[in-house]
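Asker: The chain contents come next:
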Amino acid sequence: MMAGQLSIAKALNEALRKSLENDPKTLLMGEDIGKLGGVFRITDGLQKDFGESRVIDTPLAESGIVGTAIGLALRGYRPVVEIQFDGFVYPAFDQIVSQLAKMHARALGHVKLPVTVRIPYAGGIGAVEHHSESHEAYFAHTAGLRVVSPSNAHDAHWMLRQAIASDDPVIFLEPKRRYWDKGEVGDAADLPLHDARIARGGTDATLIAYGPMVKVCLDAAAAAEEDGRSLEVVDLRSLSPVDFAALEASVKRTGRAIVVHEAPVFLGMGAELAARLTERCFYHLEAPVLRVGGFHAPYPPSRVEEAFLPDLDRVLDAVDRSFAY
Amino acid sequence: MTVKSTARARKKAAPAVPDNLPAGSGAQPELIQLLTPEGERVEHPDYPLTTTPEELRDLYRDLVLVRRFDAEATSLQRQGELGLWASLLGQEAAQVGSGRAMRPGDYAFPTYREHGVAWCRDVDPLNLLGMFRGVNHGGWDPNEKNFHLYTIVIGAQALHATGYAMGITKDGTDDAVIAYFGDGASSQGDVSEAFTFASVYNAPVVFFCQNNQWAISEPTTNQTKIPLYRRASGFGFPGVRVDGNDVLACLAVTRWALDHARSGNGPVLVEAFTYRMGAHTTSDDPTRYRLAEETEAWRAKDPISRLKAHLDREGLADEAFFASVEAKSEELGLRVREGVRSMPDPDPTLIFDHVYAEPHTLVDEERAEYTAYAASFEGGENL
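Residue numbers (my numbering), protein chains in the order written: chain S, 171 to 495; chain G, 6 to 388.
Simulated from the structure, these hints should not be mistaken for laboratory data.
Here the structure is a predicted model, which is why all the values come from computation and not from measurement.
Please note that a few of the clues may not be correct.
As the list claims (entries may be wrong) - Covered stretches of chain S (in silico footprint by chain G; criterion: 3 or more residues with CB under 8 angstroms from a CB of chain G, positions within the stretch not fixed):
id: 1; segment: 257 to 269
id: 2; segment: 300 to 313
id: 3; segment: 333 to 346
Said to hold, decoys possible - Label pairs and their computed distance ranges (CB to CB):
id: 4; chain 1: G; residue 1: P353; chain 2: S; residue 2: D365; range: 29 to 35 angstroms
id: 5; chain 1: G; residue 1: P109; chain 2: S; residue 2: D365; range: 43 to 49 angstroms
id: 6; chain 1: G; residue 1: R108; chain 2: S; residue 2: Y260; range: 34 to 40 angstroms
Yeah, the Cβ is synthetic: ideal placement off N, Cα and C, and Gly gets one too.
The shape of chain G in the complex, shown without the other chains (with noise of 0.2 angstroms):
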């Protein structure tokens, strides 16, 4: 090749913006994918998964049980027991692939919509709604259950995260931790500067981004010009992007990338490509930004549908299997609506507990004359 029909070809090969750039939600991206939308199984030589039909059943339980949860949880908000609740529906497969895929000594760190993960590291499902109903801020010990609390300044977590995996290195154990945050938060300098750190120290740490496409109202095009999982090349680690409504592609490319974590190849970025069917949260109106046909045309590719046309397709549940996952289902249900009524708020003097770890002369003063304030009341009764 002569030095002008190269000169030529890197002219032609350099656009301003990359040639597979998606256009719009609707793209096609380069995707991990194992089970197609009509529940057909495929393979991908990177990311080889076995399981056995019990898995199987297992991983469609928790997809079912998670979406009732979830549709509880929104229930509850309508009929006024929850000041708010943002919805996972849609992004299921995402969280249970990719909360199955972590080790009981992984850790997590969420935003405030990983209820799906929660439910894989076996946090009680009414411990996510008191901070939706208002009676705490989180409340549960994130060490109980290596889930961390939910964080709402969107992006923060990443670095808690990236920090926590710092730890792990230090303390040479073969743990890794998972950050999970949206498409949005990937414009946060938080995300940037965890991706630096975790790079710069080789932290244990998947970036797991759910790519629901929607920021509240606005396009993941808003927020990047280049597919979000190209990201990570620029930090020196490797990203990748999932089909986020397949579980089982998220099962195994999460647990790879953890595995390359924890192994010492430091973090990685997976991008699980998903699609939020509801509204960000319950005091969202999605009608006014997004077009009914594309919400639509996701649905075709529901995570729990695929699935089970996958188990029908392979004979690999019978009829009272779904029997039971519907009463399990039924049962979950009616555990969480009696669990969030019998809710009690808390004592007004929470509003003094745990300000600090150690005694706070003025926090210790202002409980005392509220104290004693609420006591002038008669009987007392407001504590």
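Okay, chain S solo, but in the shape it has when bound (with noise of 0.2 angstroms):
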């Protein structure tokens, strides 16, 4: 189909069309995703091909679009929704987590909610405010969401096609840094929605991370290689569930995790990851789990973003950390 080198964008955009090929309930919705494709061009032609009323151009209205999405999943359609950008999902933040979230269970299994909620998250691309949010701790720590970030553009198409299949609401995280970067997309899906991956295999010490912190996680192994340290690098693709079976047998092997996120690490998903780590590998541990991220502040102004996303640096300075104990 579409092998060869696609990029994030691209891989998405073909993980779309195949959807609303193989399934007429399919739907996409949201703000300037028809004609103009969305303002990433992850939609782009989809209205073309498939007709406005499959690709729907919605009011600007982000708790209105969710709302919406719930009450034609619960009509048998199967809604992928697009968030603008991420600081624009707080205005859906109750339709998201106290309707979409509950309604499978308030009706004991009767209703399924098959909506998947694309949002372009985190920084890195020099945005004004509001365009550069993770908020991924927000969704994972609700009950009833499923929330995956890809990595690359292989497990960008395949994970998307899963997550629109999924029975369940899925929260879909794309790092929206990354929509430009090119990888080979494979003619099926490796791995189930929600099994993590190694990255890059090592024995030193492990990196957790996922969506647009997994490549800064390989620089760092690569970099890390130089100096003597054999780094393992653990892309969990899901956040919700998490596949802690893949990360326990990696720190039980390694010995040392440093977990990697832009989200700010006070209640981030480090915190999660560190605390089941901890009781999970205790006596394997050579040094607590340490945690790389954001910092407990407003996501700053682009001039200064650099000082507060992780880069290769920060980790290995972390890794640095941990061969210290």
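Grab the two chains, each in its own frame, and use the hints to assemble them into the complex.
Answerer: Structure, rendered in structure tokens:
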């Protein structure tokens, strides 16, 4: 099919196209997704090919987008909604965490909510306020939601198709700074949606990352190799559920773990991963599980965002701290 | 007319607020009415309604039974059998009238007070009590009777109803949807967003606002500076204010609105002008914020007594009929009492059921941990 090098953006576009082709009940909804093809062009050309009733330009109302998607799902449709930027998802928060997440349980399983919420998230593109947030912890904290974030073109394509096919609501976080990174997209999903992946094998410490930070960690591992340290990089892929079996296996092998994400460290994904890995791997750990992430501050103006975002040096500094124990 | 006088006329005719703003909850608004508080049948040119004596008696029976169910639930809360109850006392006509206007294929999205609508959709009243007793958060299959689960977050369901109606349009059927909400919900962004989506996509949805004058302690004047039904015009669809204590008017207007919506004309806002005779919920104390005189004034507009007056006045029902309704009411009360008291607590592992439609490893792990923990007690009686 689309074998060859694709950007993440194009891989997502192809995933939406395949999903629309395969199931007439699949719909796309969002702001500017039609003629414009979305502000990141992820839906480019889809309205032209599938029509305005399946690729729906919506009013500028995020709660309305998610809320009506819930109603469409109740009617038997499989909506894929696009939130234009991460910071704009908060007006839809109630519809996502109180309605979308809980309705299946409230109905004792009598209704299904196969809604995919696509959100371009995180920073690194020099954007203005509210265009660079990492809010994965809010959603992963909410039972009833599945939360995933791909880091490469192959996963972007197949994880999106798997998310759309899921009968549960899925928050699909797209690392917007990686949209233009290219990679090989194979013709089948390698892994189930919620499995972690060893992105690089190593023996001395485990770097755990997802979405935009996987590349940073791979770069850090390549740099560490020159210093004689072998770092394993685990691409989490799924934030709810978390593939703890894979993490546990890796950390028991290496004895050290460092979690890297863009979101503020305080009460973030790293806190949960560190706590659980400590419980499960206590006697295997040579050092505390460390975390590298954003600060307890609003996402900063873009001229200083490099200081906020974990980079290769901050990751390697954490590796040094781990080895200093 | 000269330019000057036109300008002056315009200036005079453009007050800061509409001239017929209702002065508080006691105002006399532009009501559609087919039955006066004295039980006299009146006609309205836009909303004709023909009813057989049997239909009138059926509506009367509905009103009485719904009130009885509600009273029984209130008593059960007082007896400690329910954790909370949201009474519909006073709003029976709005709910039965609109509920009976629906066709089987239509779909209702309620708040948490639409017990009368549920009755009309033939939902077992005991199903409604589960969440108030604390054994579930809804629990019934919404698709069985086309009656969605109760929604507690104010106004959220207006969007679900609108999305569902958008789906009807895509399916090309002539079903329609009713979204229920109150006067307080009209202030919520979700209701405005629902109006926008419904209007833009011409969705077959009727927004049925029961303006019962009070959002817990806040009067409607805290929610809006114009009569609520006029909100619709700003979104580009019709709004109608109906006497919410007049079951015939509610039936006729809602039937018209549903037909308007299902015919491809887009949404309608119906404001049922009514009154919550009781508390917001059993946790509330309305004597702290409203006058007894106000409640008494509304008592004179009681939806049941006015239909009874009509049946009596026209000789459409005899003593045997009223006795049979009373007998049914007793039967329902007993069924509700016994049903609630014998409602079992769920197995604690319900916590883990249905969190997701597909397996989720965290839920599976926690269920296993809890199950093992509970089994560690002697006899494992927690399970």
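Asker: It remains to establish, for every hint, whether it holds in the given structure.
Answerer: Evaluated hints:
1. 257 to 269: holds (count 5)
2. 300 to 313: violated (count 1)
3. 333 to 346: It holds: at least three residues are needed, and the segment 333 to 346 of chain S offers 3 whose Cβ sits within less than 8 angstroms of chain G.
4. G:P353 to S:D365: 29 to 35 angstroms: Between G:P353 and S:D365, where Cβ atoms are some 30 angstroms apart, the hint holds.
5. G:P109 to S:D365: 43 to 49 angstroms: Since G:P109 and S:D365 have Cβ atoms about 45 angstroms apart, the given range 43 to 49 angstroms holds.
6. G:R108 to S:Y260: 34 to 40 angstroms: Taking Cβ atoms as reference, G:R108 and S:Y260 lie about 39 angstroms apart, which means the hint holds.
Violated hint: 2 only; the structure is consistent with all others.
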